[in-house]
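Protein chains: 2
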Amino acid sequence: MTNTSVAKWDVYEASLAGPAGGNPFLDVTLDGFFRQHGRVVRVPGFYDGGGVYKLRFMPDNEGEWSFSTRSNVAELDGKSGAFTVTPARPEVHGPVRVANKFHFAYADGTPYLSFGTTCYAWTHQPLAEQQKTLATLKKTRFNKIRMGVFPKDYPYNVNEPLHDVYQPGADGKLDFDRPNPESFRHFENQVKALGELGIEADIIIFHPYDRWGYCDMSEEQDYRYVAYLTARLAAYRNVWWALANEYDFLLDTKPLHQWERYFHIIEENDPYGHLRSIHNGDPAANYDHRKPWVTHVCIQNWDVKRTPEWRADYGKPVVNDEPEYEGNIIQCWGNISAGELTHRFWTTLMRGGYAGHGETYSHPQDLIWWAKGGELHGEAWKRIGFLRDLLEEDVTHGLEPIERATGFPWNRISGARDGDVTYIYFGEHQPVIWAAGLPQDDRRYAVDLIDTWNMTVTPAKIVPAPENHPTRHGAIVRPRRPDAAFAVELPGKPYLAIRVRPLD
Amino acid sequence: MTNTSVAKWDVYEASLAGPAGGNPFLDVTLDGFFRQHGRVVRVPGFYDGGGVYKLRFMPDNEGEWSFSTRSNVAELDGKSGAFTVTPARPEVHGPVRVANKFHFAYADGTPYLSFGTTCYAWTHQPLAEQQKTLATLKKTRFNKIRMGVFPKDYPYNVNEPLHDVYQPGADGKLDFDRPNPESFRHFENQVKALGELGIEADIIIFHPYDRWGYCDMSEEQDYRYVAYLTARLAAYRNVWWALANEYDFLLDTKPLHQWERYFHIIEENDPYGHLRSIHNGDPAANYDHRKPWVTHVCIQNWDVKRTPEWRADYGKPVVNDEPEYEGNIIQCWGNISAGELTHRFWTTLMRGGYAGHGETYSHPQDLIWWAKGGELHGEAWKRIGFLRDLLEEDVTHGLEPIERATGFPWNRISGARDGDVTYIYFGEHQPVIWAAGLPQDDRRYAVDLIDTWNMTVTPAKIVPAPENHPTRHGAIVRPRRPDAAFAVELPGKPYLAIRVRPLD
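Residue numbers (the working numbering), protein chains in the order written: chain A, 1 to 504; chain B, 505 to 1008.
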């Protein structure tokens, strides 16, 4: 028992000495029972190699805690300890949860607007490259990153990983009954480093881009892997569980019932209830995110104006993690322009969803951000950071599409409200005047014109709403446009937005 | 009997004197029976005012023809005549038909790639403005125009029409039992003028933007109107029947069974079988174009990558007549950028459909092309003309999407073939190298790079297809990329296309 105090939402870790012989990964069971007042939290332990067993616990309440252990091995059974939980450190808000049905918030109630990026295999690159990735992330405004436990085999990704995730067996091949603790320790350190940067680690548990055999582990090995991963990582507050990148491309070796069991194993072993989702490859192969073990929708789809459909289909927060990547490589999912990715972020946010970034510019050494991290070469990331900063100025509830998001005119123009602040994003539309969605009452408002590419916010010119004229046979002529008390004059170019805030 | 000869696919017109008293529109029936060899074609006649009745006939075969009449009025019954049909004039190819399931061709087999525009009420504007419209059309490459029989009441459209479509009754209101022949004669003259410019007249029979009462005609009056229109106009080779602009906004006064009857009245009275379709307002309210009386799909939808879905849904040519208009007005359907409309044309064509143009730039006198015609102020029309000219260089069958248009990568990138010519349109994608969809064989090809905005065609740089690498666990490594014999180097910017033609 090394620690005697730990801050709320940090990791309390207990190490215990136990047997090193046989296969401890298979043979030894260990659970910790953490108690405060009448409350008991079961925490699965894990073998960390070299005869060392660990329990990790993320306390969510200040004060005195104690724990005891249960094991099928005498040396590990009936151990106990106690520690003090101090207030959370500054900038630590706890794990992210679903809030307001379609949105997220940290455990302390601070709203969380998800602005993610993607570096699938960054923890498997040379250490100097990993340092670069963290340095790059620090200057961006991303607050989530998608990253795989396993290394990646794919065009531009032919290097060997820093660590194998399993230990070699007697035949030199990986022994999928023996995880490699060194690999996991490294992975955890990087999850922790991300946490210190305020970045959620969206941990991809399975993916199809493999030459080492991870895709061909047996069903039982898969289940043990998921349980081991959960035992090691659940105590990190910034963990999200992404069951797969492109699960539908893995159905040949992992049929659907296994995916349900993976979810259940996490539910049974993650006492903190971290966010859980799963990501499709083919846009027609979305997982059924209505299933109760899925906390939010993870999706790959470029047709971002359909975001309100996905909200309606699943009734959960929608995170479109792959609305295609900014870049110029030969692969069709990795070569949209910076302007287009910026546009897809705005469109997604202004329809009540969240979008994910990735960058895939061709590089002479194949150092491409989307898989390896390193450096960013594009332009969208700055505009995405601008969007995050802008929205966080006023965030209260999260962005809800204006009125009937699938009806006129909000099926064509994107608009949303967060509390009493209204945003309208015109995208490829370029009206010289706009009224729909503007306030109908007589309060005073400040209206700003936002250039989403040039990242400027300037006061917009207010003009009277246009004269009314019936727009259909039988329509009633009202004395003024019924949908706004005023209109906004615009410069008649695309990719602009307006923001309307009440002045009093 | 004035004419004694007429060219194939021109209009043969016979005038007959008959009663002018009572209401000839209601009281008198007249049919012509046009004969050549054993063939008989029934042609409905119509009252043209002033005691004059007419039969119009478009012959589709050269040689001697004769006709006789049948009427419930003795003066018009049993009349007969004969005339000679000479070869079609140069540039006259006959009416447009469906060809190759998803495409169109003129009656003489010449392929017809539809590049339409929209001037809803141009024939109701002052005559000088109408002359401008025809002059503008002459310099564009549009070969179809959507235009209403009735005038339009709508924002920017508050002027009175040149002619009322019906005659005033004793109470000063329009008498919907008495069409105004002067109005129809003017309309026909403009249909004919369009024909001389090689432009199909996509005649909109009903629309909801009305203050004169046309939307509130009785069911019987509607049926008589459709029959009268058909009798007058069917003999013009360049007529298409568009039953409505936005029929779903008219369902309050014209329920669905009436629409079916309108179609049937046209079928019964148009002996030439001109193209028939009907256009929706709400994108979720497409008419069921599978119905056998619909010849092709007419649609309003901005989500143009879905074109292959509509082809699959209906199994007919898809004409997306409103993928939104280039412009800057307050209405959300009328303010996309020129670049965006050009992009939507390319995307639609490269997915096996046809698109329609409209222009809605704010104008101090409200002279807006989309409703009034006049002059064009935008930029898309030139790029659309460039696209038509480009495709007509090689047209044989019409553009068919490459392989599985809803599958990878053709759900993201747009590509199509016409005969042995391949086109790939990258749109918002900007790869620096591309291989998918390029030829797999060892023939020699000419490959051109097309800048869709700057309207340039230049030879593309051919490079070896990239080294193969398995892209998924269990994938077989082949010695070269299986999907192309070579690759194309590209400048890494959006809105480019390539064209691949065999050299021998």
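By construction, these hints were calculated from the structure, which means they are not laboratory data.
All C-beta atoms, glycine included, are put in the ideal place defined by N, C-alpha and C.
Don't take every hint at face value.
[What the hints assert, rightly or not] Cβ-to-Cβ under 10 angstroms is the rule here; a few derived chain A residues that face chain B:
no.	residue
1	284
2	286
3	288
4	292
5	293
6	295
7	411
8	418
9	419
10	422
11	426
12	430
13	433
14	468
Right, here's what the structure says about each hint:
no., hint, result
1, 284, "holds (8 angstroms)"
2, 286, "violated (14 angstroms)"
3, 288, "violated (21 angstroms)"
4, 292, "violated (30 angstroms)"
5, 293, "violated (25 angstroms)"
6, 295, "violated (28 angstroms)"
7, 411, "holds (7 angstroms)"
8, 418, "violated (22 angstroms)"
9, 419, "violated (25 angstroms)"
10, 422, "violated (16 angstroms)"
11, 426, "holds (8 angstroms)"
12, 430, "holds (5 angstroms)"
13, 433, "holds (5 angstroms)"
14, 468, "holds (9 angstroms)"
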